[in-house]
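Residue numbers (numbering that gives the first Met the number 0), protein chains in the order written: chain A, 0 to 200; chain L, 0 to 200.
Think of the hints as simulated: they come from the structure by calculation, not from any bench.
These numbers come from a predicted model, not from an experiment.
Incorrect hints may have been included.
Pairs count within a copy or across copies, as identical chains cannot be separated in the list.
Calculated lysine to aspartate or glutamate pairs in the EDC-like style (CA-CA distance at most 20 Å, straight line) [stated by the list, open to error]: (1) K115 to D129; (2) K115 to D17; (3) K115 to E104; (4) K115 to D36; (5) K61 to D85; (6) K115 to E130; (7) K115 to E16; (8) K115 to D75; (9) K61 to E183; (10) K115 to D105; (11) K61 to D36; (12) K61 to D105.
There are 2 protein chains.
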Amino acid sequence: MSTSTTKPAPRSRLSPEDRRAQLLDLGVRLLATRSLDELSIDLLAEEAGISRGLLYHYFGNKHAFHEAVVRRAADDLIAQTAPPVDGDPLHRLTVSMTAYLTYVEDNHEGYLSLVKGAASGNETMRAIYDEARSALTDRIFREEAQSEIVPDTPATRLIARGWAAMCEELTLSWVEEPGEVSREELLAIMTASLPALVGAV
Amino acid sequence: MSTSTTKPAPRSRLSPEDRRAQLLDLGVRLLATRSLDELSIDLLAEEAGISRGLLYHYFGNKHAFHEAVVRRAADDLIAQTAPPVDGDPLHRLTVSMTAYLTYVEDNHEGYLSLVKGAASGNETMRAIYDEARSALTDRIFREEAQSEIVPDTPATRLIARGWAAMCEELTLSWVEEPGEVSREELLAIMTASLPALVGAV
């Protein structure tokens, strides 16, 4: 209850919305190198330097906290992999896939948590995962320039889903064990494969 | 304790190994249209017309029973998708992928259980799934004829993993919602995509 004006606690200046966003950012950073099971309210409270009670005030319960963090992580993934506005389609796809690979490298544990959570039958995780996956694949069709290499048909929509699953498997396999495949080689495989798949049909 | 020789119960003629195998067959058939969670010892006992106690005698506990059923299902998948010995590589790949699609159509729930179990972090399920996946992809490299379309390099080994993930996603998506894509079209996509992916690199 000090009335001193020196060194105010930074959090006292934030609105509840900003404070919640700041805590989510911290949650996403912690999730990068941890599974969701390892991301507890206790850990977040300790890292944020605030009480568990205040965290429950912001997030309600542990499930809601996990969902909010995963949703924020998925939003980050979608934002970071947005292709540039200009350039030829293959260049734009390369930039987007490079960002995707970088994201998975930097957030391996958290990304695995999302993939596992979605696959294990947790409906909320599945919905967040599908949303992120759709954002990544729909983007291929939404952008005018891209449609030069990928016409929008029922078959190419299905192929784009399969291609996204392939890129996920390639990226997770490679990040876990790069073996003799270089980063450039992996990126070349992921980028060249989409037009190759569409061209093969 | 009847000594009559007419109409002996069929199971009395089976060795314990054969009886166990017969129960596993039944478990696999039941799993085709059910999730693993829905496949209980009670259900198997009812369908087999034997006691729960006898089932525990054969399988130990519910987890061991589930593992044995999933392992048997994975073995069935590997056996059923074996490519023919003769023929050109693309034809043999087509036969194998047709069998894969038919397997997933006929055993949708059980196959989903394996995929979900593997993804959710159950180590035994993961091991069985990886074994089945490896059998399917290693086969591409093991057969001499196939190597004409897929040279064995670190990059093509990685591509084969990605391609298998893509085929799984394509098949599960299509079985759940075929939309306007025909069965023939799906098979053409899966078969043509492997040489297309290898050729693109």
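Results for each hint:
no.: 1; hint: K115 to D129; verdict: both (13 Å within a copy, 15 Å between copies)
no.: 2; hint: K115 to D17; verdict: neither (30 Å within a copy, 37 Å between copies)
no.: 3; hint: K115 to E104; verdict: within (17 Å within a copy, 24 Å between copies)
no.: 4; hint: K115 to D36; verdict: both (11 Å within a copy, 17 Å between copies)
no.: 5; hint: K61 to D85; verdict: neither (42 Å within a copy, 57 Å between copies)
no.: 6; hint: K115 to E130; verdict: both (15 Å within a copy, 19 Å between copies)
no.: 7; hint: K115 to E16; verdict: neither (29 Å within a copy, 36 Å between copies)
no.: 8; hint: K115 to D75; verdict: within (18 Å within a copy, 25 Å between copies)
no.: 9; hint: K61 to E183; verdict: neither (40 Å within a copy, 47 Å between copies)
no.: 10; hint: K115 to D105; verdict: within (17 Å within a copy, 25 Å between copies)
no.: 11; hint: K61 to D36; verdict: within (10 Å within a copy, 25 Å between copies)
no.: 12; hint: K61 to D105; verdict: neither (24 Å within a copy, 39 Å between copies)
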